[in-house]
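Engineer: Next come the chains, spelled out residue by residue.
Number of protein chains: 4
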Amino acid sequence: MTKLRWGMIGGGEGSQIGPAHRLGAQADGNFSFEAAALDVDPEKGRAYAQSLGIAPDRAYGNWQEMLAGEKDRPDRIDLVTVATPNATHFEITKAFLDAGFHVLCEKPMTMTVEEGEEIVRLAESTGRICAVNYCYSAYPMVRQMRAMVAKGEIGAVRCVVANFSHGHHAAGDDDANPRVRWRYDPAQAGVSGQMADCGIHALHLASFILGDEVRSLSADFASTVSARVLEDDAMVNFRTEKGTVGRLWTSTIALGRMHGLDIQVFGETGGLRWASEQPNQAYYQRLGGRVEIMEKAESGLHTDAARLCRVAIAHPEGFPLAVANIYVDLAARIRGEARDGLPSAADGLRSMAAVHAAVDSARHEGAWVDARPPMFR
Amino acid sequence: MTKLRWGMIGGGEGSQIGPAHRLGAQADGNFSFEAAALDVDPEKGRAYAQSLGIAPDRAYGNWQEMLAGEKDRPDRIDLVTVATPNATHFEITKAFLDAGFHVLCEKPMTMTVEEGEEIVRLAESTGRICAVNYCYSAYPMVRQMRAMVAKGEIGAVRCVVANFSHGHHAAGDDDANPRVRWRYDPAQAGVSGQMADCGIHALHLASFILGDEVRSLSADFASTVSARVLEDDAMVNFRTEKGTVGRLWTSTIALGRMHGLDIQVFGETGGLRWASEQPNQAYYQRLGGRVEIMEKAESGLHTDAARLCRVAIAHPEGFPLAVANIYVDLAARIRGEARDGLPSAADGLRSMAAVHAAVDSARHEGAWVDARPPMFR
Amino acid sequence: MTKLRWGMIGGGEGSQIGPAHRLGAQADGNFSFEAAALDVDPEKGRAYAQSLGIAPDRAYGNWQEMLAGEKDRPDRIDLVTVATPNATHFEITKAFLDAGFHVLCEKPMTMTVEEGEEIVRLAESTGRICAVNYCYSAYPMVRQMRAMVAKGEIGAVRCVVANFSHGHHAAGDDDANPRVRWRYDPAQAGVSGQMADCGIHALHLASFILGDEVRSLSADFASTVSARVLEDDAMVNFRTEKGTVGRLWTSTIALGRMHGLDIQVFGETGGLRWASEQPNQAYYQRLGGRVEIMEKAESGLHTDAARLCRVAIAHPEGFPLAVANIYVDLAARIRGEARDGLPSAADGLRSMAAVHAAVDSARHEGAWVDARPPMFR
Amino acid sequence: MTKLRWGMIGGGEGSQIGPAHRLGAQADGNFSFEAAALDVDPEKGRAYAQSLGIAPDRAYGNWQEMLAGEKDRPDRIDLVTVATPNATHFEITKAFLDAGFHVLCEKPMTMTVEEGEEIVRLAESTGRICAVNYCYSAYPMVRQMRAMVAKGEIGAVRCVVANFSHGHHAAGDDDANPRVRWRYDPAQAGVSGQMADCGIHALHLASFILGDEVRSLSADFASTVSARVLEDDAMVNFRTEKGTVGRLWTSTIALGRMHGLDIQVFGETGGLRWASEQPNQAYYQRLGGRVEIMEKAESGLHTDAARLCRVAIAHPEGFPLAVANIYVDLAARIRGEARDGLPSAADGLRSMAAVHAAVDSARHEGAWVDARPPMFR
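Chains as they are written, first to last, in numbering that gives the first Met the number 0: chain D, 0 to 376; chain E, 0 to 376; chain W, 0 to 376; chain P, 0 to 376.
The set of hints was computed from the structure by calculation and includes no laboratory data.
Source: prediction; values computed, not measured.
You can take every hint at face value.
With a straight-line cut-off of 27 Å between C-alpha atoms, the simulated DSSO-like cross-links for lysine-lysine are:
id: 1; chain 1: P; residue 1: Lys2; chain 2: D; residue 2: Lys43
id: 2; chain 1: P; residue 1: Lys241; chain 2: P; residue 2: Lys150
id: 3; chain 1: P; residue 1: Lys43; chain 2: D; residue 2: Lys2
id: 4; chain 1: E; residue 1: Lys2; chain 2: W; residue 2: Lys43
id: 5; chain 1: P; residue 1: Lys2; chain 2: D; residue 2: Lys2
id: 6; chain 1: D; residue 1: Lys241; chain 2: D; residue 2: Lys150
Just some of the chain P residues that point at chain E, by a computed CB distance under 7 Å:
id: 7; residue: Arg289
id: 8; residue: Val290
id: 9; residue: Glu291
id: 10; residue: Ile292
For glycine and all other residues, C-beta sits at the position ideal for the given N, C-alpha and C.
Please put together the full structure from these sequences, using the hints given.
Structural biologist: Here it is, written out as structure tokens:
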């Protein structure tokens with residue numbers, strides 16, 4: 000099978016997410032890395048791209064150059080990944096969709112709901128794939144839980160509890176580290192701190208596993224470090240379209256928690272639990288039964304989970320391969336195969352609408368507000 | 000040292016909490032079990048008491064008989080434990096305090112805030128001890144965390160997250176089991192289901208470890224089983240007097256969780272975590288350091304934790320000995336020694352005020368309300 | 000039911016095991032503590048006994064006094080617990096059995112195999128109970144595993160792996176602490192260090208769960224701290240009467256392990272796992288199935304496990320209550336009821352024979368030797 | 000940096016290890032996959048290679064064709080991975096080394112000690128890299144432990160305990176599954192079953208972390224399923240060159256264990272623990288201190304661990320990236336950089352010598368035997 004051509008914007012030297020994308024795109028041999036604009040500093044970006052094997056004429060200085068250079072090439076890239084600072088996602092994604100490229104955008108897809116709706120419409124009108132990198136949804140055991148819910152194996156879902164709370168931004172009251180501080184400054188980070196950064200992952204995961212969407216929510220935001228304006232700890236209660244009760248806690252000052260993304264789903268006839276720090280197991284209790292430990296790659300997993308396991312049971316697979324799973328499905332979709340579950344522009348939009356709803360609720364003492372984007376009401 | 004004399008009301012044959020109290024009171028040789036009114040059925044109560052070694056003349060048919068029989072004896076009991084149905088706690092506790100007995104009351108101490116205030120005043124005016132059995136606070140590692148907070152070892156506390164969520168009342172939508180169903184029926188259980196039953200343990204634990212009190216709260220209640228009126232799942236956001244942010248989730252439909260009481264405390268310079276299912280360890284991360292596993296009975300524990308460890312490090316101690324620790328401190332107090340940390344009538348009152356505040360908030364879409372009892376405002 | 004009368008030898012102030020026995024004997028109201036000789040220092044022993052509520056005339060200065068004082072009393076004790084230094088167990092146990100008392104002896108029951116055989120014969124001829132405090136066998140989940148094996152729920156047992164390895168005697172090469180050092184000095188500790196101290200617990204546990212006995216063994220002993228003569232780390236391979244393969248590792252220098260007693264049992268159709276640090280759970284995998292978490296007090300436990308659970312599922316019970324369970328069965332046996340599973344003098348003898356066999360094997364480069372006491376060959 | 004050219008022999012469609020090698024080689028962009036002979040069935044192998052993007056003229060029918068085809072090409076492969084059935088490793092590895100290729104060989108490198116010595120000499124005389132895929136040694140936290148031992152952070156090592164025991168070959172007594180059965184048949188598997196298959200991983204890991212080699216050993220082998228001849232459960236006691244005591248248990252009938260590779264290292268001043276099922280954490284206790292949880296990618300890791308972490312702390316990395324780490328170091332070595340820690344032909348030889356020594360010892364009732372290959376005595 001011929002490799003697809005792939006390019007990347009952002010994710011330069013020293014970036015955390017860059018290597019995960021490069022590994023993810025190339026791990027299964029679906030994509031060859033052909034073009035890049037990796038850095039805000041054009042020279043650094045060009046040099047780093049070439050050090051990674053990109054041809055000089057496709058090692059671009061910025062995304063505009065890359066768009067111009069790629070759009071008319073006969074061997075132009077099939078897919079571009081956008082891993083730039085958040086505020087630029089909208090503009091770049093829009094431009095590449097417009098030019099007929101498939102796009103994988105890092106979260107958050109946009110800064111505003113209006114922008115999000117524009118991307119959704121554009122993806123629809125162009126027929127291009129616009130995916131958002133909610134990569135936790137691509138862990139095999141997350142897929143297993145989603146399939147179990149869909150097949151009624153835990154009955155109607157009563158409650159979902161999702162946390163994404165860690166302690167990596169615990170800091171003194173002056174919040175002295177500039178690489179942390181900007182995240183809580185509205186001028187640089189927008190309307191939301193931790194909710195927009197991590198909370199939306201947990202929110203997407205809840206919707207994804209439930210096969211259901213958040214309808215309304217009530218939020219309590221706190222800024223626990225004096226120097227901060229935006230929230231570093233938030234609690235969101237929500238209700239889904241189907242009436243499931245949701246609880247979501249997200250925090251950056253939770254010392255003792257390392258990654259801290261976990262989810263519990265409680266249905267009429269069964270309960271499920273999974274945590275991203277040990278992603279190869281999930282826990283399942285049937286009503287009246289014992290807790291069972293489900294293992295990645297065990298026999299009898301649902302198809303959508305089994306197909307994403309690369310190595311045998313109990314050989315752990317981790318975060319970079321969850322990202323790779325997103326690329327597996329992107330490749331399939333680009334090649335014209337159907338794939339359920341790839342996080343879409345609509346998911347990116349819903350997340351942004353929920354973040355804005357949470358901000359709004361938190362400013363009004365937790366009043367319940369509609370969490371849906373206008374176009375989906 | 001002479002043994003103190005102890006009596007018990009409620010906790011008859013088949014009761015869950017009865018054996019824990021009898022073991023707790025007698026485990027350390029402080030109390031001898033001398034009088035009892037164990038059952039609503041007088042004959043069954045008398046017979047069971049005698050089978051446990053109570054003399055026939057002190058095996059009473061009900062609490063009124065017991066009060067009458069004990070109050071003028073020269074060898075009357077020093078302490079009475081009240082482990083009857085919730086609605087009777089107030090009346091019995093009041094009567095025994097009035098007659099000059101020390102009382103250990105099961106939670107909830109009362110059904111209303113007004114009753115709670117009356118007990119607090121009565122305990123003060125009579126000079127008798129009125130303790131409430133928030134026994135989780137008596138685990139050594141809970142005491143260790145409390146001492147660490149008090150000594151500033153995690154700095155100012157920013158956030159506390161307490162859960163008490165299990166799946167033992169997950170049930171079909173008809174909620175057919177009468178031993179579960181009554182808990183969600185206002186006619187039998189009062190204004191609150193799970194919040195009053197388990198949530199208050201988590202709330203007390205949070206206040207206890209923080210050395211701080213809940214000031215205001217916002218609650219989201221859900222009744223996830225059709226046949227139920229009262230909440231079986233609740234989320235409470237709160238703020239303490241010192242401004243700490245609180246999150247409390249309590250549920251009875253959380254299949255996959257067994258006991259489900261756990262607490263996390265996040266301060267400026269450290270974080271702590273403990274779960275009742277593995278009560279002999281607690282986890283501590285210093286800002287910038289690794290997570291350390293603290294062990295019950297390890298060397299260097301704070302005094303109030305060390306003194307409550309009975310056997311060597313890594314020999315687990317469990318729930319019945321946490322109850323026993325309450326009796327250890329009751330014996331000390333009755334003998335005139337000072338003991339910090341014994342849950343008091345004021346704690347029982349505060350809990351009840353918080354439950355009523357949560358009910359009130361939940362009825363008003365999560366409006367923030369004052370959680371304090373009027374007498375402590 | 001009338002309480003039985005209980006006395007104790009050894010276990011004085013500062014002892015680790017003394018409080019566990021007193022709590023264990025009294026926790027369930029079966030025994031009243033009536034007589035004691037608690038300390039090698041007669042005056043300290045008498046004073047401490049009286050502080051625990053023993054009448055002055057039964058607070059003895061040594062075991063000989065106690066034997067003399069008790070044997071002709073009409074209200075003499077029903078059971079005596081021997082918790083003195085190891086070298087004295089034989090003499091005291093023998094004297095009390097001879098005088099018609101029931102005895103619970105701390106392990107090791109004797110120092111030699113010959114002494115062990117003498118105790119076994121004496122228990123038989125006098126008809127008195129002589130139990131040995133292998134208390135780990137009294138945890139409910141250990142009983143559950145034993146019942147599962149007996150009922151064939153894991154098929155024929157192929158292999159058992161038992162460890163009892165901790166790091167509490169890790170020390171500098173001079174082994175300076177006298178409270179540790181004597182354990183590795185043949186003049187004070189006898190022929191074996193860690194094998195006799197902890198290894199025999201693991202060995203008994205394996206035999207107990209399997210319902211089978213060790214027939215032959217091969218041992219590798221190591222003395223990893225320069226100042227030590229006796230082994231502080233040992234590996235024993237064994238075969239049982241039924242042909243099961245056994246592996247037993249015991250160590251005192253295993254830094255990072257806290258208590259370190261755990262056991263795994265592998266059968267034709269299922270496997271089991273349990274660890275004493277989390278004694279309220281056990282893990283079970285059926286051939287072809289998932290690992291299931293079994294919980295103390297869950298519904299459907301085998302009778303012999305269920306009857307030893309005091310409080311509801313997921314309320315942890317710990318070491319002192321495992322000791323208490325030994326006393327529960329002792330009380331039943333003294334009252335004439337049948338009780339399977341109480342560790343007997345024969346168990347004490349078999350353990351001692353296995354320790355001596357291990358010493359012998361280790362001295363002969365791991366040669367396989369018969370592990371059975373002569374009288375059971 | 001120009002990509003290196005890579006080829007693979009074995010690891011065709013349906014193979015477990017094939018995908019891990021392809022992912023591992025390509026994940027970091029160091030190697031391009033250029034040539035392959037993937038299957039014993041030449042046509043299937045050619046077709047599968049082409050489906051993976053290999054040019055038709057380099058999709059070979061067998062290794063002999065591949066050797067002939069590659070050896071004189073100007074763009075010949077830099078490295079070949081040998082992932083064929085065990086009995087062919089020697090022949091293929093030898094032929095490619097001889098022709099001047101670098102080789103990564105799956106374990107076991109050879110079937111006999113003599114063959115192993117021949118490979119070691121050949122690697123030396125040709126100056127080619129001959130690495131063996133002991134990939135567990137390439138997990139970052141394993142490197143961290145190795146560095147800690149090397150730097151004396153746990154003092155002189157007293158004891159190492161390594162297990163590799165799982166239950167995936169538990170089976171009925173007829174051992175009916177042919178994909179399992181051959182492993183215990185000397186005609187197909189050679190002198191050893193589980194020791195050669197998994198035990199050598201644990202043995203290598205112990206040597207690797209200790210920076211020390213096994214000198215002598217005593218083994219106890221068991222064949223617990225009737226239909227088997229070779230061992231499915233083995234215990235090996237050993238001593239290293241530096242005198243450390245070793246314990247190694249390996250089993251395939253250990254139902255309840257999933258992967259089951261773990262290692263504990265006990266030194267004078269500290270202990271370490273790691274398990275492959277949760278490879279991103281390791282546990283460290285300093286003498287007199289608490290157990291600390293070390294995390295992959297935490298700040299302050301030793302260089303050799305830190306450099307192998309791809310994503311941020313608490314984002315798990317798994318088995319395929321451990322394999323990838325082997326390729327990272329192979330690329331560096333091929334490019335002329337120094338890299339300590341890559342498992343070498345000498346390691347492959349030592350493992351084979353130890354397996355043969357264990358077989359020999361087991362046949363002689365556990366007699367202690369020299370475990371070193373003759374050339375290293």
